[in-house]
Amino acid sequence: MSIQETLQDSKLQLAIYTATGRLMDHRANAISPELLPRYQEMRQHAHDLKKHTIENLDHYMEEFEKNVIAHGGKVVFCKDATEVSDFILRLAKERGAHLFVKSKSMTSEEIDLNERMEHHGLEPVETDLGEYIIQLAHQKPYHIVAPALHMTRFQVADLFTEKLGVPREEVIEEQTMIARRVLREKFLAADIGITGANFLVADSGAVVVVENEGNARLTSSAPKIHIAVAGMEKLIPRAQDLAVMLGLLGRSATGQALTSYTSILSGPKRPGEVDGPEEFYVVLLDAGRTKLLEDPEKRESLYCIRCGACLNHCPVYRKIGGHNYPWVYSGPIGKILAPQFKGLMADPWLPFASSLCGVCAEVCPVKIDIPRVLLQLRSEITEEKQRTNQGGLERLAFKAFAWAMRRPWIYEWGGMMGAGLLGNGGRWISELPIAPGPVKAWLSQRHLPAPAVRSFREQWRARRTK
Amino acid sequence: MSREFILGRVRSALDRKTGQVVPPPPPVWLLDTDWTLEEKLASFKEKLERLAGVVHMADSPENAREIVASLITGKTAVVSNATLLADLGITRLPGVTVAGQDSEQSRKLCAECSFGITGAAFALAQTGTLVMRANSQEARLVSLLPPLHVAVVRKEQLIVDLDELLTKIPKPVEDSSSMVLITGPSRTGDIEQILVRGVHGPGVVHVVFL
Ligand code: SF4
Numbered sequence: 001m002s003i004q005e006t007l008q009d010s011k012l013q014l015a016i017y018t019a020t021g022r023l024m025d026h027r028a029n030a031i032s033p034e035l036l037p038r039y040q041e042m043r044q045h046a047h048d049l050k051k052h053t054i055e056n057l058d059h060y061m062e063e064f065e066k067n068v069i070a071h072g073g074k075v076v077f078c079k080d081a082t083e084v085s086d087f088i089l090r091l092a093k094e095r096g097a098h099l100f101v102k103s104k105s106m107t108s109e110e111i112d113l114n115e116r117m118e119h120h121g122l123e124p125v126e127t128d129l130g131e132y133i134i135q136l137a138h139q140k141p142y143h144i145v146a147p148a149l150h151m152t153r154f155q156v157a158d159l160f161t162e163k164l165g166v167p168r169e170e171v172i173e174e175q176t177m178i179a180r181r182v183l184r185e186k187f188l189a190a191d192i193g194i195t196g197a198n199f200l201v202a203d204s205g206a207v208v209v210v211e212n213e214g215n216a217r218l219t220s221s222a223p224k225i226h227i228a229v230a231g232m233e234k235l236i237p238r239a240q241d242l243a244v245m246l247g248l249l250g251r252s253a254t255g256q257a258l259t260s261y262t263s264i265l266s267g268p269k270r271p272g273e274v275d276g277p278e279e280f281y282v283v284l285l286d287a288g289r290t291k292l293l294e295d296p297e298k299r300e301s302l303y304c305i306r307c308g309a310c311l312n313h314c315p316v317y318r319k320i321g322g323h324n325y326p327w328v329y330s331g332p333i334g335k336i337l338a339p340q341f342k343g344l345m346a347d348p349w350l351p352f353a354s355s356l357c358g359v360c361a362e363v364c365p366v367k368i369d370i371p372r373v374l375l376q377l378r379s380e381i382t383e384e385k386q387r388t389n390q391g392g393l394e395r396l397a398f399k400a401f402a403w404a405m406r407r408p409w410i411y412e413w414g415g416m417m418g419a420g421l422l423g424n425g426g427r428w429i430s431e432l433p434i435a436p437g438p439v440k441a442w443l444s445q446r447h448l449p450a451p452a453v454r455s456f457r458e459q460w461r462a463r464r465t466k
Numbered sequence: 467m468s469r470e471f472i473l474g475r476v477r478s479a480l481d482r483k484t485g486q487v488v489p490p491p492p493p494v495w496l497l498d499t500d501w502t503l504e505e506k507l508a509s510f511k512e513k514l515e516r517l518a519g520v521v522h523m524a525d526s527p528e529n530a531r532e533i534v535a536s537l538i539t540g541k542t543a544v545v546s547n548a549t550l551l552a553d554l555g556i557t558r559l560p561g562v563t564v565a566g567q568d569s570e571q572s573r574k575l576c577a578e579c580s581f582g583i584t585g586a587a588f589a590l591a592q593t594g595t596l597v598m599r600a601n602s603q604e605a606r607l608v609s610l611l612p613p614l615h616v617a618v619v620r621k622e623q624l625i626v627d628l629d630e631l632l633t634k635i636p637k638p639v640e641d642s643s644s645m646v647l648i649t650g651p652s653r654t655g656d657i658e659q660i661l662v663r664g665v666h667g668p669g670v671v672h673v674v675f676l
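Going down the list, the sequences are from chains A and B. Here the first sequence is numbered in our numbering, starting from 1 and rising by one per residue. Here the second sequence is numbered in our numbering, starting from 467 and rising by one per residue.
Treat each hint with caution, since some may be false.
To be verified - Each computed DSBU-like pair below joins lysine-lysine, with the alpha-carbon atoms no more than 30 Å apart:
1) 224/A x 574/B
2) 541/B x 74/A
3) 74/A x 511/B
4) 51/A x 483/B
5) 51/A x 637/B
6) 74/A x 637/B
7) 367/A x 483/B
8) 291/A x 483/B
Derived from the structure by calculation, the hints contain no laboratory data.
Whole structure, please, built from the sequences with the hints as guidance.
So, in structure tokens, the structure goes:
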């Protein structure tokens with residue numbers, strides 16, 4: 001669905017607005033000074049912690065690995081998506097594994113893990129309700145916290161009937177129970193469970209998974225093998241840092257001081273423990289992260305704890321929704337991650353599609369200065385365009401604009417002419433009979449505001465002469 | 467596979483040498499809040515009830531057993547190996563089976579029973595949270611697979627918050643593979659943001675304080 005179609009779909013607009021609005025309210029309530037007087041201090045502390053960890057990441061990666069090994073697990077360093085799927089395929093082959101249960105992981109979305117596994121005949125099943133719906137519908141998550149935010153109960157009813165062969169069911173509670181039944185069987189039959197990680201704790205060799213449904217607990221506890229797939233930026237130094245980090249994550253995401261379940265896991269089941277996996281692996285993924293580390297100016301993009309608050313508050317995300325961003329990470333954080341992971345010129349328009357209102361930086365629990373990084377990316381893109389001689393037309397137009405603005409008589413004359421043309425609220429500009437191409441594309445997204453009946457300059461003159 | 471390659475790239479990106487000393491991280495920040503037992507009980511109850519959990523106060527071991535018995539009447543229950551539960555006589559209630567030490571057996575029971583009955587390592591007053599650690603007494607699946615969860619907790623195990631927990635246990639997975647914080651029932655809002663409980667884990671959580 002294109003941006004235009006999203007904007008014109010009033011039901012979808014309402015769904016996005018209500019969902020993000022509710023999440024905004026929950027967050028605002030949870031961080032209110034009465035409930036959390038130390039909120040701003042916590043943000044600064046979390047920022048400092050992430051900054052310290054990222055700037056000494058090699059040290060914490062090694063410490064983490066050492067502790068995972070001490071607890072009987074293994075760390076698998078993967079430089080890209082292919083290495084992750086190679087590792088999983090090899091393990092599956094060695095263990096005769098076929099059925100995988102998965103709990104929500106943006107990192108695995110990032111590397112298209114499901115597609116890769118399916119391609120090799122394995123069966124990965126998403127178990128978070130929203131992710132399960134998205135997987136059945138062959139879509140990408142709409143939001144990093146609420147993946148099926150855009151779907152209605154009626155669409156879910158159609159989907160379940162079509163894909164699961166169950167009688168049509170429009171009651172949300174019943175739909176949820178259908179998913180519970182289907183997925184419960186998968187949990188009990190699965191050979192391997194794959195989770196993501198919200199945090200990796202260096203001093204404990206621990207993977208921390210935060211959730212509300214219990215599917216991540218099942219994924220990490222029911223099958224004989226647990227694999228956690230995580231970007232290496234998820235590290236924090238000490239388990240004791242979790243008090244601040246968990247407190248910020250839950251409140252920023254959904255307004256919960258703690259979500260229903262927080263699992264802190266390290267290694268396979270220890271001697272004497274009744275149940276738990278027999279093998280435990282952590283995949284530490286690079287896939288572009290080391291490249292990002294090289295730039296001290298933009299490195300802070302890696303502090304993100306994926307709370308989704310910047311999406312919920314973003315006036316652009318709230319209009320265009322999650323699927324109009326070119327990558328799995330949408331919203332403000334997606335705008336700064338995509339160019340740095342996929343290449344600056346892959347979607348050169350992306351960092352420009354922002355009003356730089358700054359609300360993302362204001363709500364970010366780890367204080368990432370997203371607008372500053374956006375500006376940095378913009379200037380890099382502009383430089384790149386100049387270097388390769390693109391975007392000449394736009395530059396020319398702005399030059400002409402600047403020239404006219406410095407000459408009041410032209411400006412005033414233009415204003416008078418313009419007033420006559422603005423009968424339809426400035427829409428004519430997007431309807432100009434111009435051949436398709438960059439100018440047309442540029443204009444099609446822009447409307448002029450209607451000018452005042454008497455311009456400011458006219459009013460000013462009238463006052464002065466009174 | 468790519469271990470050396472990645473670590474090398476990270477170091478060169480950060481301009482660090484192998485084994486280079488790390489400046490001290492920001493100090494650990496854990497608050498020390500002092501609450502009376504009454505304050506802790508009141509807070510735990512309020513927080514858990516807000517999440518549709520149920521809190522019971524037992525005034526004697528017999529009373530604790532009676533409360534559990536009345537909750538599970540006519541239903542099946544799997545009971546963890548916690549000594550407390552055996553001491554209270556909960557393991558001898560009708561309809562109850564002990565999880566035992568065999569992983570397959572325990573899992574099968576958990577998949578079939580209506581109730582899972584456990585102890586807890588701690589309870590956090592600030593959030594209405596149960597702290598579960600996997601060990602020979604507590605299997606992971608007892609508080610997870612059955613649709614209803616009952617936890618019996620001694621009042622001494624009630625502490626203020628996560629800060630106090632991490633002060634007491636700075637390394638939560640040093641001697642157990644898993645520490646899980648349970649705050650209320652399993653829930654989802656993934657379809658139209660309508661709250662539904664019990665999507666994968668227990669939809670009902672009872673806590674009996676003794
Ligand atoms: S950038 Fe900040 S606000 Fe946005 S998802 Fe990441 S942590 Fe949350």
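The hints, checked one at a time:
1. 224/A x 574/B: holds, 15 Å
2. 541/B x 74/A: violated, 42 Å
3. 74/A x 511/B: violated, 41 Å
4. 51/A x 483/B: holds, 18 Å
5. 51/A x 637/B: holds, 22 Å
6. 74/A x 637/B: holds, 19 Å
7. 367/A x 483/B: holds, 28 Å
8. 291/A x 483/B: holds, 17 Å
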